Amino acid sequence: MPNVLLERRQAQPGIQTVTIDISDMKMSQDPNDILVTYSLGSCVGLALYDKVIKVGGLIHCMLPLSKIDKEKAAVRPFMFVDTGVTRLLSELFQKGAQRQNLVAKVAGAGSPLGKEETFRIGQRNYTILRKLLWKNNILIDTEDIGGSKARTMYLYLEDGLVTVKSEGKEVPL
Amino acid sequence: MSRRDEILSLVDTVPSLPAVVCQLQEYLDDPEVNFDQLSRVIECDPGLTANVLQLANSAYFGWQGGIGSVRDAISRLGTKRIFQMVLCMSVAPMVRKPIKGYDLDSDSLWQHSVAVAICAEKIAAKRRPDVQPHAFTAGLLHDVGKVLLGTFVDVDDAPIKELVELDNLTFNEAERMVLGVDHAEVGAHLLEKWNLPQNVATVTRWHHEPARLEGDQRDLVDLIHVSDVICLDCGWGLGSDGLQYRLDEDAAARLDLKSGDAEEAAAQVMIGLDELLQVFTPDQKGASDGVQHPAR
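Protein sequences, first through last, are from chains P and Z. For what it's worth, the working numbering labels the leading residue of the first sequence as 191, then goes sequentially. For what it's worth, the working numbering labels the leading residue of the second sequence as 14, then goes sequentially.
None of these hints come from the bench; they were simulated from the model. The structure displayed is predicted, hence computed values, not measured ones. Honestly, I wouldn't trust all of these hints.
Claimed, not checked - Heads up, simulated DSS-like pairs for lysine-lysine below, C-alpha to C-alpha not over 27 Å straight-line: (1) LYS110(Z) / LYS305(P); (2) LYS174(Z) / LYS355(P); (3) LYS110(Z) / LYS339(P).
What the hints assert, rightly or not - Here chain P is said to cover these stretches of chain Z; the calculated rule only asks that three of the stretch's residues, wherever they fall, bring their Cβ under 8 Å from a Cβ of chain P: (4) 95 to 107; (5) 206 to 216; (6) 272 to 283.
We treat Cβ as the ideally placed atom computed from N, Cα and C, and that holds for glycine.
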């Protein structure tokens, strides 16, 4: 979908953009909502959308596992992939979403230039996310991961369209 | 005049830091000065006094609710901490604005600066207690050069990005190739102009190339380098330069940091930012909550 159509879509009357900060999650069932999260570096963004009841959620997780600090995980569950995605799934199910209707799209998990082999935060985020989704019988539909560019991720509640914007270009995922 | 000279000549046009910072700096080096003299310097400015008291009572800096006067703050938290608070207040208006060229919105560079300050301080506490007193200040100031260089990066955006993409250069190496100077060096000149401690300027200069320094300075530059990468990784201050920097794995090894340590530090930064930035944006309930970003 060309950029111009996406921009027009965002500019339509009644459309509202809801921002998800680092280590946060938001859900919506309002077709006028566009969920957006900025500054995805090595963090992972996961958009889950039930295409039948049209409910969706977007999460921006910073770190893979909550075991490094259970106390902080209690204060900010969405900081970690394991606690955050589990919570997102359970909240979506509470809203009536069905596992088999969920479409999962992933963006982020980048890394600095070169062979960064010390921290590998992006890689670890992605591995844990994949494992967790797999355990929940959810396959990743499409993804835009790795590399060294910053990404912004959008979820359009009207139809579940997910786009990724990087270096000024927004493209469907 | 070369491009480099043109850019560096702009350093002189940047306003000085408020007089109170310079005065405090002098007093910090003077063993004869007592708490009353120090607190009088701050109390001359009622706005600054209120802000220092708010910071002193923030969860991050320690004494929630118990500090009622500047003198009290100095005696409980120490003169170094008070200097860091005043510096925070003085630097905030300069970095809390959109930074062209790096595509950073008005709060991004500020968040990044505070995040690196917290990260460096947390890692220093465990790995390099000797340089911990400088970690917060150096972290806060390491990227200040972006404020000046941004306009030039904006103009030469295409060739810089081309070098990063095609020649596999880091973003600051590409800045140097195209502009003759990178944001790290510009920052160092600015800090020298502001008469901030020389070690902080030197560390700023080499925060992307820690191997260039030795001895004590290497300890501090390792801390800032690694903290900068961790905080960019986590998205604080991520602009159009993205993650286009290299982690010096030797610096991480010297600090004995593995992935778990980096993640632990990042989690501490997240909580620390919540506690600290609240003071600067009292109308918001959390650090990063409600920050409006332009569509990048």
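Structure-based check of each hint:
1. LYS110(Z) / LYS305(P): violated, 34 Å
2. LYS174(Z) / LYS355(P): holds, 17 Å
3. LYS110(Z) / LYS339(P): Holds, at about 22 Å.
4. 95 to 107: Not satisfied, violated; 0 residues make the cut.
5. 206 to 216: Since three or more residues must qualify, the claim that chain P covers the region 206 to 216 of chain Z is violated, with 0 doing so at under 8 Å.
6. 272 to 283: holds (count 9)
Of the hints listed earlier, those the structure fails to meet are numbers 1, 4, 5, in rising order.
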